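Asks: Keeping the supplied structure of chain A fixed, place chain B upon it in accordance with the hints.
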Amino acid sequence: MTIVYEKSRGLTDVPFHYCPGCTHGVIHKLVAESLVELGVLGDAIGVAPVGCSVLAYNYFNCDMQEAAHGRAPAVATGIKRVHPDKVVFSYQGDGDLASIGTAEIVHAAHRGEKITTIFVNNAIYGMTGGQMAPTTLVGQKTTTSPFGRDEALSGKPIRIAEMLATIDGAKFVERVSVDTPANIRKAKKAIKRAFECQLKGEGFAIVEVLSSCPTNWGLTPPKALDWLRDNMIPYYPLGNFRDFEEGK
Amino acid sequence: MAKGKVTFNEDACKGCELCVTVCPVKIIELNKEKINGKGYSPAHVIDQEKCIACGSCAIMCPDSVIKVERL
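Going line by line, the protein sequences match chains A and B.
2 is the number of the first residue of the first sequence in the working numbering; add one for each residue after it.
331 is the number of the first residue of the second sequence in the working numbering; add one for each residue after it.
What the hints contain is simulated information worked out from the structure, not anything from laboratory work.
Every value quoted in this text rests on a predicted model; they were computed, and no experiment measured them.
There's no promise every hint is true.
Claimed, not checked - Here are the simulated EDC-like pairs of lysine to aspartate or glutamate, each with C-alpha atoms no more than 20 angstroms apart in a straight line: (1) A:Lys-224 x B:Glu-359; (2) A:Lys-224 x B:Glu-347; (3) A:Lys-8 x B:Asp-341; (4) B:Lys-335 x A:Glu-7; (5) B:Lys-397 x A:Asp-44; (6) B:Lys-397 x A:Glu-38; (7) A:Lys-87 x A:Glu-203; (8) B:Lys-368 x A:Asp-14; (9) A:Lys-193 x A:Glu-247; (10) A:Lys-193 x A:Asp-44; (11) A:Lys-8 x B:Glu-399; (12) B:Lys-333 x A:Glu-7; (13) A:Lys-193 x A:Glu-7; (14) A:Lys-8 x B:Glu-340; (15) B:Lys-397 x A:Glu-7.
Only chain A is shown next, with the shape it has when bound in the complex (with noise of 0.2 angstroms):
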């Protein structure tokens, strides 16, 4: 009998917080697992949010370190300049990141800072209870929106990767989605590759993985991965932004 399937040891036996359906469980897992596959999860270093994700330091089964919100890039890059030898990321949400972070994220880019950010773009505030971000959809209802996101006033979503792309700094950008088996596993090969641009020295690595919000969209889970293919894919293309490696 092999095992096909079963818990990483990269994530602690913490049950997770996270509501039912909330696709940052199945994001936990695939940093975790791409940590133990590389064989890097005892020189691992991570650096959790401010957000729904705030209390991640209690499920990764490695060294963790909380950030004030937004600057877990600039607390990544401290502790990856003193540990030059250890794989140091940053786990951050959309509000944490787009917003109040997005200084801290543009300029580790521009600095060419050798970590590696897994970017939750949930398009909403989760942990706050539902209110705008800057990646929520023009129309998208939120208690900030009710009457849905209006450009004219708050302007169109802030699209992370292609914009981080831009910057010469930024090795490897890739969108990602964890709405079918077959995008997780994907997903995880870019969270792999991202890991991989540190280990190799080669500068600062993003993967954006779009993820749901069943409870503040208002969805169960299964119409939630439905409206992420249906309304975030198409504004958010998936796919590869920049690679360390030419060509590929």
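Replies: Same frame as chain A, but now just chain B:
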């Protein structure tokens, strides 16, 4: 076709149904007869014989509740 065995850590299941929707042979459903310590009806397998050990349910599960073995 490979045969598989799926086991659920039912106490950790939050009944989100994502495994139910991705199972290609449709052998997973929520066990409405049961409520776990978290207050959810956990997912369970209704026909183990039909499992093809693809692992889709386990890959999809956000809470790492599912273990899949190939017989």
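Asks: With reference to the structure, classify each hint as holding or not holding.
Replies: For each hint, the structure was consulted:
At most 20 angstroms may separate the alpha-carbon atoms for a hinted pair to count; A:Lys-224 and B:Glu-359 meet this at roughly 16 angstroms. Restraint check: the Cα-Cα separation between A:Lys-224 and B:Glu-347 comes to about 10 angstroms, which is no more than 20 angstroms; the hinted pair holds. Proposed proximity of A:Lys-8 and B:Asp-341 is supported: the alpha carbons are some 15 angstroms apart, at most 20 angstroms. About 12 angstroms separates the Cα atoms of B:Lys-335 and A:Glu-7, which keeps this hinted pair within 20 angstroms; it holds.
With a CA separation close to 27 angstroms, the supplied pair B:Lys-397 and A:Asp-44 exceeds the 20 angstroms bound. At roughly 18 angstroms between alpha-carbon atoms, B:Lys-397 and A:Glu-38 fall within 20 angstroms of each other, so this suggested pair holds. Between the alpha carbons of A:Lys-87 and A:Glu-203 the distance comes to roughly 14 angstroms, so the proposed pair stays at or under 20 angstroms and holds. Using a Cα cut-off of 20 angstroms, the hinted pair B:Lys-368 and A:Asp-14 holds, with the two alpha carbons roughly 16 angstroms apart.
Between A:Lys-193 and A:Glu-247 the alpha-carbon distance is near 18 angstroms, which keeps this suggested pair within the 20 angstroms criterion. Taking the CA atoms of A:Lys-193 and A:Asp-44, the gap is near 15 angstroms; set against the 20 angstroms cutoff, the hint holds. For the hint pairing A:Lys-8 with B:Glu-399, the CA-to-CA distance comes to about 12 angstroms; that is within 20 angstroms, so the pair holds. At roughly 17 angstroms between alpha-carbon atoms, B:Lys-333 and A:Glu-7 fall within 20 angstroms of each other, so this suggested pair holds.
Between the alpha carbons of A:Lys-193 and A:Glu-7 the distance comes to roughly 19 angstroms, so the proposed pair stays at or under 20 angstroms and holds. Between A:Lys-8 and B:Glu-340, the direct Cα distance comes to roughly 14 angstroms. Compliance with the 20 angstroms bound is thereby established for this hinted pair. Proximity of B:Lys-397 to A:Glu-7 is assessed by CA-CA distance (about 5 angstroms); at most 20 angstroms being required, the pair is judged to hold.
Going down the numbered hints, you'll see the structure goes against just number 5.
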